[in-house]
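Protein chains: 4
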Amino acid sequence: MQTRTPIKVRGYHIDLYGHVNNARYLEFLEEARWHFLEQQVEIDYLMKSGLGMAVVNININFRRGAFMGEELEVLTEMVKVGNKSALIQQKIVLKGTDTLIADADVTFVVTDQKAQKSVVFEGKLLELMQQWLKKD
Amino acid sequence: MQTRTPIKVRGYHIDLYGHVNNARYLEFLEEARWHFLEQQVEIDYLMKSGLGMAVVNININFRRGAFMGEELEVLTEMVKVGNKSALIQQKIVLKGTDTLIADADVTFVVTDQKAQKSVVFEGKLLELMQQWLKKD
Amino acid sequence: MQTRTPIKVRGYHIDLYGHVNNARYLEFLEEARWHFLEQQVEIDYLMKSGLGMAVVNININFRRGAFMGEELEVLTEMVKVGNKSALIQQKIVLKGTDTLIADADVTFVVTDQKAQKSVVFEGKLLELMQQWLKKD
Amino acid sequence: MQTRTPIKVRGYHIDLYGHVNNARYLEFLEEARWHFLEQQVEIDYLMKSGLGMAVVNININFRRGAFMGEELEVLTEMVKVGNKSALIQQKIVLKGTDTLIADADVTFVVTDQKAQKSVVFEGKLLELMQQWLKKD
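Chains as they are written, first to last, in the numbering used here: chain X, 1 to 136; chain A, 1 to 136; chain E, 1 to 136; chain U, 1 to 136.
Worth double-checking, as some hints may not be accurate.
Chain copies aren't distinguished; within one or between two, either way the pair holds.
Taking lysine to aspartate or glutamate and the EDC-like style, the derived pairs with C-alpha atoms no more than 16 Å apart in a straight line are [unchecked claim]:
{"id": "1", "residue 1": "Lys-84", "residue 2": "Glu-122"}
{"id": "2", "residue 1": "Lys-8", "residue 2": "Glu-31"}
{"id": "3", "residue 1": "Lys-124", "residue 2": "Asp-105"}
{"id": "4", "residue 1": "Lys-114", "residue 2": "Glu-31"}
No lab work stands behind these hints: they were computed from the structure.
Because the structure is a prediction, the values reported are computed rather than measured.
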């Protein structure tokens, strides 16, 4: 399932160059991932199991500056589930268009918060991850 | 004791108006308060006692924009200890000058982290607070 | 006219203490002021006249921590227009309740961007400011 | 030439998970790139020529959480100069150790600010870029 998260560019997002600062995009992406997670079934299961999601890699392309007052949309979807990690793809576009501002591959693992170790996707957790995968 | 914390203005501090964004000053002030605390005696006592400092009011004047590449200094000193709250004064100046960028009164209380309640300054804690007060 | 701007607390808003960091509130307030301005008539006039708004003082009370996942609302209204400055009052509450998270008095001036000087509220500009004032 | 930029982890850097937020690392990296640039010869030439640097890709690995009070160091060096883009490698380590917190490949282009187009590295600009390349 792909989610769409709206964000409007404000004065405090802008940096020296007159467009949204690089680091802000990572906040926009995080905003959109929380939004994505809220839409998923049984996200509570994960939280209550003492498990947490930890991002291990972000590969982000900055395609075009985003400017004051522009309305953006962050498209978020899960595209791959591996043995111990999964991949979320996110695109930031001008709302209602295909104009790409930035796109990112975000790889995460699920960690046992107490043991501070990442866990293998199996059983209930694997099932959950597969439900999050996009359907075409 | 007054501390001086250096900060250099970088591209990501700047906003739409070409100078440091309002919200960033609060990060600069927090940076300087942590620096101030590190210089104080027995700060460990406070931390180990399950006590924490909570800011309850910030009154900040923005005097002059700060621009890309400028070197700032945050001057921090404690100026008053009351019954349940204390006052820290902070000034942001152009380094090595009296040119004022911003100045703020920051009022804080000390809270019992478990009880989530502010405590009265007495005994050891009061002593500590008084040591933090500026000496002229 | 009072505006209401929704904000949901996300992981990146949270700091060491487990609640929203002080500096973030200033971003929330700025977000809400842009939202407020968008709702005002003739905001374009101001922008096209080479005028800008500059915040000169923020006096903010932190009343209660805001926690992960909480839905907030920033209430914004203009309450006073002086000779050269005006006052906006902002409250951050738990959405749909009176529970106060923070409240702030924000004083701003209008500056001639070229001359880098604040201007007196008169003529068209004064008219505009008075339209922004809250109606009871 | 490799530069080393010190950063101390403060309360406002920390997020919900108790360690430095992903987006903050991008600010740390930017901080370190400005520091790197300051150390380079003839950086003024670039600025005065109406040229600017624009980051087009960041590929960052998050290796280990960074916690309150930890002293970090960002190591920055230029490692490759292509025809129209160049690559900076940055590592965030625990100060004075090899313990890796995060590492990133940062690809940038040089843009003609007026034309809003990236330029080919040739002549004086190519010379400059080659001077920035690390020497072993």
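- [ ] Starting from the hint list further up, note which numbers the structure goes against and sort them upward.
- [x] Hints 3, 4 are the ones this structure does not satisfy, whereas the remaining hints hold.
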